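Given next are the chains, with one letter for each unit.
Protein chains: 2
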Amino acid sequence: MSTESDRELTLTRIIEAPPAKLFRCWTEPELLKQWFTPPPFKTIHAEVDLRPGGSSLIVMQGPDGGKIECPGIYLEVIPNEKLVFTDAYLSAWEPSAKPFMTAILTFDDLGDRTKYTARVLHWTAEDRKAHEEMGFHQGWGVATDQLAELAAKL
Amino acid sequence: MSTESDRELTLTRIIEAPPAKLFRCWTEPELLKQWFTPPPFKTIHAEVDLRPGGSSLIVMQGPDGGKIECPGIYLEVIPNEKLVFTDAYLSAWEPSAKPFMTAILTFDDLGDRTKYTARVLHWTAEDRKAHEEMGFHQGWGVATDQLAELAAKL
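Chains H and Z supply the protein sequences, listed in that same order.
Just so you know, we're using our numbering here: the first sequence kicks off at 1 and counts up by one.
Just so you know, we're using our numbering here: the second sequence kicks off at 1 and counts up by one.
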């Protein structure tokens, strides 16, 4: 039984690293670049203006050399606890070409471990379905494995 | 010559009241209800959770008694200087049925007067056009007259 609404995709994991290390991996560009993309894609550039309304820019590169720019902004930043961002704005408060998703990440402290939850909310059920068919579970799953591995080494 | 982009509607006024009074009119429900709606519409209810991510709810009533609910959230709150809100979310961070607009209000202090600017940004040129055809300039114009009149009396 799913508790997801028809506009939401969710990933939950227990990760063997404390919240502070996972938060660092999400917010320090040099760390973000190491785990964010499932191979053969790479993250070649990351900008993090970590404050509500601050811009985020991630540039990925495919195996053919093609670049994919993912601009967005942060909406809510609670260090080591919560991070919310969306692609609905390019900067504060310039609307993007297409508001597609809002991600709500929570990092629940379980001592040396973290209950990590990524809720990805879409504006339409069609966009949720498209995101799922683009390989959300596989892509975020592999990326989260890489995140857990990196955080455990910090 | 207009500096508006094809997704933006703008209203600018010099108002004979200081920024703090205009800000109060925008953020205190009992004041908001007095000026927000051009007759014969009325604003019969207003909720203001004045913080980034806080919800806003305005309920208007038409001459036939029909109610129009306008939910949204605040994105940026700088007392007496700036107020940003959008209908893209119903609460932090639940996507609305349709992200239509983001309003950026600025209150520039000119002494006893204020340069008041309302920039209304849409996600599409079609939505901007629809908003203009719904009577944006007339509606916001009359409401702003009412705002100026109320603020001058505070």
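Hints are computed from structural coordinates only; laboratory data are not their basis.
Do not rely on the hints blindly, as some may be mistaken.
[Said to hold, decoys possible] Only part of the chain Z face toward chain H is listed, based on derived beta-carbon distances under 8 Å:
{"hint": "1", "residue": "Arg7"}
{"hint": "2", "residue": "Leu11"}
{"hint": "3", "residue": "Pro18"}
{"hint": "4", "residue": "Phe41"}
{"hint": "5", "residue": "Pro52"}
{"hint": "6", "residue": "Gly53"}
{"hint": "7", "residue": "Glu76"}
{"hint": "8", "residue": "Asn80"}
{"hint": "9", "residue": "Ser91"}
{"hint": "10", "residue": "Ala125"}
[Unchecked claim] With a straight-line cut-off of 20 Å between C-alpha atoms, the simulated EDC-like cross-links for lysine to aspartate or glutamate are:
{"hint": "11", "chain 1": "Z", "residue 1": "Lys82", "chain 2": "H", "residue 2": "Glu94"}
{"hint": "12", "chain 1": "Z", "residue 1": "Lys98", "chain 2": "H", "residue 2": "Glu69"}
{"hint": "13", "chain 1": "H", "residue 1": "Lys98", "chain 2": "H", "residue 2": "Glu149"}
{"hint": "14", "chain 1": "H", "residue 1": "Lys98", "chain 2": "Z", "residue 2": "Asp49"}
{"hint": "15", "chain 1": "H", "residue 1": "Lys129", "chain 2": "Z", "residue 2": "Glu94"}
{"hint": "16", "chain 1": "H", "residue 1": "Lys82", "chain 2": "Z", "residue 2": "Glu94"}
{"hint": "17", "chain 1": "Z", "residue 1": "Lys98", "chain 2": "H", "residue 2": "Glu47"}
{"hint": "18", "chain 1": "H", "residue 1": "Lys82", "chain 2": "Z", "residue 2": "Glu76"}
{"hint": "19", "chain 1": "H", "residue 1": "Lys98", "chain 2": "Z", "residue 2": "Glu8"}
{"hint": "20", "chain 1": "Z", "residue 1": "Lys98", "chain 2": "H", "residue 2": "Glu28"}
{"hint": "21", "chain 1": "Z", "residue 1": "Lys82", "chain 2": "H", "residue 2": "Glu126"}
{"hint": "22", "chain 1": "H", "residue 1": "Lys98", "chain 2": "H", "residue 2": "Asp64"}
{"hint": "23", "chain 1": "H", "residue 1": "Lys98", "chain 2": "Z", "residue 2": "Asp87"}
{"hint": "24", "chain 1": "H", "residue 1": "Lys98", "chain 2": "Z", "residue 2": "Asp64"}
{"hint": "25", "chain 1": "Z", "residue 1": "Lys98", "chain 2": "H", "residue 2": "Glu8"}
{"hint": "26", "chain 1": "Z", "residue 1": "Lys82", "chain 2": "Z", "residue 2": "Asp49"}
{"hint": "27", "chain 1": "Z", "residue 1": "Lys98", "chain 2": "H", "residue 2": "Asp108"}
{"hint": "28", "chain 1": "Z", "residue 1": "Lys98", "chain 2": "H", "residue 2": "Glu94"}
{"hint": "29", "chain 1": "Z", "residue 1": "Lys129", "chain 2": "H", "residue 2": "Glu76"}
{"hint": "30", "chain 1": "H", "residue 1": "Lys98", "chain 2": "Z", "residue 2": "Asp6"}
{"hint": "31", "chain 1": "H", "residue 1": "Lys82", "chain 2": "Z", "residue 2": "Glu133"}
{"hint": "32", "chain 1": "Z", "residue 1": "Lys42", "chain 2": "Z", "residue 2": "Asp64"}
[Said to hold, decoys possible] For each label pair, taking beta carbons as the anchor points, the in silico distance ranges come out as:
{"hint": "33", "chain 1": "Z", "residue 1": "His45", "chain 2": "H", "residue 2": "Glu47", "range": "24 to 34 Å"}
{"hint": "34", "chain 1": "Z", "residue 1": "Asp109", "chain 2": "H", "residue 2": "Arg51", "range": "47 to 57 Å"}
{"hint": "35", "chain 1": "Z", "residue 1": "Lys129", "chain 2": "H", "residue 2": "Leu50", "range": "45 to 55 Å"}
{"hint": "36", "chain 1": "H", "residue 1": "Lys67", "chain 2": "Z", "residue 2": "Pro52", "range": "41 to 51 Å"}
Predicted model, so just to flag it, every value in this text is computed and none were measured.
All C-beta atoms in this analysis are idealised placements derived from N, C-alpha and C, irrespective of residue type, glycine included.
Hint check:
1. Satisfaction of the interface hint for Arg7(Z) is found here, the shortest Cβ-Cβ separation to chain H being roughly 7 Å, below the 8 Å cut-off.
2. Taken as an interface hint, Leu11(Z) does not check out: its beta carbon lies about 17 Å from the nearest beta carbon of chain H, beyond 8 Å.
3. Restraint check, Pro18(Z) versus chain H: the minimum CB separation of about 25 Å is more than 8 Å; hint violated.
4. Because the smallest distance between the Cβ of Phe41(Z) and any Cβ of chain H comes to about 27 Å, over 8 Å, the interface hint for this residue is violated.
5. Here the hint on Pro52(Z) is kept, as its CB sits about 5 Å from the closest CB of chain H, short of 8 Å.
6. A cut of 8 Å between beta carbons decides the hint on Gly53(Z): the least distance to chain H is about 6 Å, and the hint holds.
7. Given the 8 Å rule on beta carbons, the hint for Glu76(Z) holds: about 6 Å separates it from the nearest Cβ of chain H.
8. For Asn80(Z), the suggested interface contact is broken, since its CB lies about 18 Å from the closest CB of chain H, more than 8 Å.
9. Nearest Cβ of chain H to the Cβ of Ser91(Z): about 11 Å, over the 8 Å cut. The hint is violated.
10. Taking 8 Å as the C-beta cut-off, the interface hint given for Ala125(Z) is violated, the closest approach to chain H being about 11 Å.
11. Straight-line distance between C-alpha atoms of Lys82(Z) and Glu94(H) comes to about 15 Å, which keeps the hinted pair within the 20 Å bound.
12. The suggested pairing of Lys98(Z) with Glu69(H) is violated, with an alpha-carbon distance near 25 Å, which exceeds 20 Å.
13. This hinted pair does not check out: Lys98(H) and Glu149(H) have alpha carbons roughly 33 Å apart, beyond 20 Å.
14. Between Lys98(H) and Asp49(Z), the direct Cα distance comes to roughly 27 Å. Violation of the 20 Å bound is thereby established for this hinted pair.
15. Restraint check for Lys129(H) and Glu94(Z): satisfied, since their Cα atoms lie roughly 18 Å apart, inside the 20 Å limit.
16. Between Lys82(H) and Glu94(Z) the alpha-carbon distance is near 15 Å, which keeps this suggested pair within the 20 Å criterion.
17. For the proposed pair Lys98(Z) and Glu47(H), the alpha carbon gap of about 29 Å is over 20 Å, so the pair is violated.
18. Between Lys82(H) and Glu76(Z), the direct Cα distance comes to roughly 18 Å. Compliance with the 20 Å bound is thereby established for this hinted pair.
19. Taking the CA atoms of Lys98(H) and Glu8(Z), the gap is about 16 Å. The hint holds against a cut of 20 Å.
20. A threshold of 20 Å between alpha carbons decides the hint, and for Lys98(Z) with Glu28(H) the separation of about 33 Å lies outside it, so the pair is violated.
21. Under the criterion of a C-alpha separation no larger than 20 Å, the hint pairing Lys82(Z) with Glu126(H) is inconsistent with the structure, at around 35 Å.
22. Straight-line distance between C-alpha atoms of Lys98(H) and Asp64(H) comes to about 26 Å, which puts the hinted pair past the 20 Å bound.
23. Only pairs whose Cα atoms come within 20 Å are accepted, and Lys98(H) paired with Asp87(Z) is accepted, the gap being roughly 15 Å.
24. Between the alpha carbons of Lys98(H) and Asp64(Z) the distance comes to roughly 36 Å, so the proposed pair goes past 20 Å and is violated.
25. The suggested pairing of Lys98(Z) with Glu8(H) holds, with an alpha-carbon distance near 16 Å, which does not exceed 20 Å.
26. Of the pairs offered as hints, the one joining Lys82(Z) and Asp49(Z) holds, with about 15 Å between alpha carbons and a cut-off of 20 Å not exceeded.
27. For the suggested pair Lys98(Z) and Asp108(H), the alpha carbons sit about 31 Å apart, so the restraint of at most 20 Å is broken.
28. Restraint check for Lys98(Z) and Glu94(H): the C-alpha separation of about 17 Å stays at or below 20 Å, so the hint holds.
29. Of the supplied pair hints, the one linking Lys129(Z) and Glu76(H) is violated, its CA atoms being roughly 31 Å apart against a limit of 20 Å.
30. For the given pair, Lys98(H) sits about 15 Å from Asp6(Z) by alpha-carbon distance, which is consistent with the 20 Å threshold.
31. Distance restraint check for Lys82(H) and Glu133(Z): the Cα-Cα separation of roughly 41 Å exceeds the 20 Å cut-off, and the hinted pair is therefore not satisfied.
32. For the hint linking Lys42(Z) to Asp64(Z), the alpha-carbon distance of about 11 Å falls within 20 Å, and the restraint holds.
33. Look at His45(Z) against Glu47(H): about 42 Å separates their beta carbons, and that is not inside 24 to 34 Å.
34. Under the hint 47 to 57 Å, the C-beta atoms of Asp109(Z) and Arg51(H), about 25 Å apart, miss the expected range.
35. For Lys129(Z) and Leu50(H), the hinted distance range of 45 to 55 Å is not satisfied, since their beta carbons lie about 36 Å from each other.
36. Range check, Lys67(H) to Pro52(Z): Cβ separation about 32 Å, and the 41 to 51 Å hint is violated.
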